[in-house]
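**Student:** Model the full structure from these sequences, guided by the hints.
Listed in order, the protein sequences are those of chains A and B.
Just so we're aligned: 215 in the numbering used here is position 215 of the first sequence, and the numbers increase by one with no gaps anywhere.
Just so we're aligned: 194 in the numbering used here is position 194 of the second sequence, and the numbers increase by one with no gaps anywhere.
Quick caveat, the hints were computed from the structure, so don't treat them as lab data.
A portion of the hints provided could be inaccurate.
Quick partial rundown of chain B residues pointing at chain A, CB under 7 Å, derived from the structure [what the hints assert, rightly or not]: (1) A244; (2) V250; (3) R254.
Where is the CB? At the ideal position from N, CA and C, for every residue including glycine.
Chain by chain, the residues:
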Amino acid sequence: MAKRIDVSGLSAFYGSHKAIEDISMTVEPRSVTAFIGPSGCGKSTFLRTLNRMHEVTPGGRVEGKVLLDDENLYGSAVDPVAVRRTVGMVFQRPNPFPTMSIFDNVAAGLRLNGSYKKNRLAEVVEKSLKGSNLWNEVKDRLNKPGSSLSGGQQQRLCIARAIAVEPDVLLMDEPCSALDPISTLAIEDLIGELKERFTIVIVTHNMQQAARVSDRTAFFNLSAVGQPGKLIEIDETERIFANPSVQATEDYISGRFG
Amino acid sequence: MSHTAIQDRPAPVPPSRKGGLSSRSLPRWAPIGFAIVSIALGVGIGIGAGWESRIQWGLISGLIFVTISYVATSIVENKRQAKDRLATSVVWVCFILAIVPLFSLIWVTVSRGIKVLDTYFLTHSMAGVPGIEPGGGVYHAIIGTLEQVGIATVISVPIGLLTAIYLVEYGKGALAKAVTFFVDVMTGIPSIVAGLFILSIMLIADIQPSGLMGSLALAILMTPVVVRSTEEMLKLVPNELREASLALGVPKYRTITKVVIPTALGGITTGVMLAIARIAGETAPIILLVFGSQLINSNPFEGAQSSLPFYIWDQYKIGSEASYDRAWAAALVLIAFVMILNLVARGIARWKAPKTGR
Ligand SMILES: Nc1ncnc2c1ncn2[C@@H]1O[C@H](COP(=O)(O)OP(=O)(O)OP(=O)(O)O)[C@@H](O)[C@H]1O
Ligand SMILES: [Mg+2]
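**Tutor:** Right, here's the structure in full:
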């Protein structure tokens, strides 16, 4: 079940360094929202605050509110482990578990959470691998190690692993940055299918990709090196690319930047 | 100004083929040739000068080898290749210098130890055998070593593993710093001091010597080694794997037990085995705390026991031909024990290592 995300007044810190400042936005359910912006402006940092992964980094600290269907993720009674089960994440670099087979990698989330029925496991793995467009390539070698796949296949394996636990929201941090155009296309198609079921947020440096896959686009920027990153604007993707309301957005998209 | 400078420069040595990327080079067998020549020269000089010591012959040969390699390469090839060859030759000479004592040690132990090493020796104790006469065996010492080392392992592996996990996964601030400091200090404790420490407790609490007391001292020696090696292995596990697991909503303790430790298991096992190998040869705490015995005592919790290093020391002290033989044979058994442990560790490490094959 997809959920709406409501962020208000969110700042994130690494120790005393403020990486992002005062971000407020709404992410609609069953849609794809793309984050774009120059390197170092805090896209990854912001993404990681949405499933409380930011506090895993030493010194990581967050101020502000993130409402997931009216429940504040940073409420005092909220268990970060439960948050991460609801809000899944795919990382920039594929990171399958090296000791586990393809099957075990996909099953890892369920197994390690201890919340599964044995006879349903194979079913869930198959469904997730089909969901990430990988099933046909690996169905004959599910017992091979996950690291025996190509980079693009590994990334789709990681997506299968993330969707196997049935999150409500899927965060993707530059999921295609290490992939060839064909794997990229496969993952973009996949994102199109997944948004029927999940709320998807994707960070990308590829303007065409943002234009192709996303419904809404958010542009982040930072005023100077060392300054915190800020949300400049968020709007329908077509408007952002055709007729943004802020000059900086237009400069960035058209490559006239800095 | 600059024009004259260019003219004054000595003409560069023309490359052998004009504009080519390849140049003259020594044949591939050249190093072997150099080695043969330098060994011959070394031996010749040694005999000529009437030196007794073979070590001198070897060192002279090594020196000649390095010199010939360098000079020949710098004449035939060029300066850079010569330096490369120099470094390679020095590494080879050092390698051989390091390997010679090891092989001679193994050779001496095997050749002297094999004399009395048979099933009788492995299955009998020294009960009723006068030390200066042949006969008897090492069985009681093997039992003692296995039990003492086993108990020490059972004590120190859990403590060491948990400490390392604490330091890498949880520890920050003053407590972690303090733990690291004490582990460092413990690594440097001489075995006799660990033995004296346990001995002082035994004197205070009026405890009799037993295998267990020796195990405690061995555990003190073993724990810091386990902590250190496990720590290094856990640090090698990429953070991305931890994050991948946490992002799936897996609690931290399960991330550690199901993802981090399995990934590092091969290395951790190797570290533990090396730690065991280290304490298996400790003699001082055994002399102090287990007292030594000529009889079979398979109860480590009561009464004196023997152990392989103690047995070697004891037999050597007797000083007869037969006891020397027994000491060497026991040394061979001890080396074999450590070798087998190492092989097992390597096997486990290979079997458990993260799989990369297609
Ligand atoms: N682990 C960390 N410790 C300290 N500072 C960090 C850490 N990670 C990121 N930062 C800082 O936070 C700021 C934002 O980094 P972030 O990784 O979110 O940028 P980004 O927009 O994702 O960049 P990119 O597009 O290059 O991935 C940067 O100034 C960076 O130096
Ligand atoms: Mg980033």
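**Student:** For each hint, tell me whether it holds in the structure or not.
**Tutor:** Hint-by-hint comparison with the structure:
For A244 (chain B), the interface hint holds, the least distance from its beta-carbon to any beta-carbon of chain A being 5 Å, beneath 7 Å. Because the closest C-beta pair between V250 (chain B) and chain A is about 4 Å apart, less than 7 Å, the hint holds. The interface hint given for R254 (chain B) is met, as the beta carbon of that residue sits about 5 Å from the closest beta carbon of chain A, less than 7 Å.
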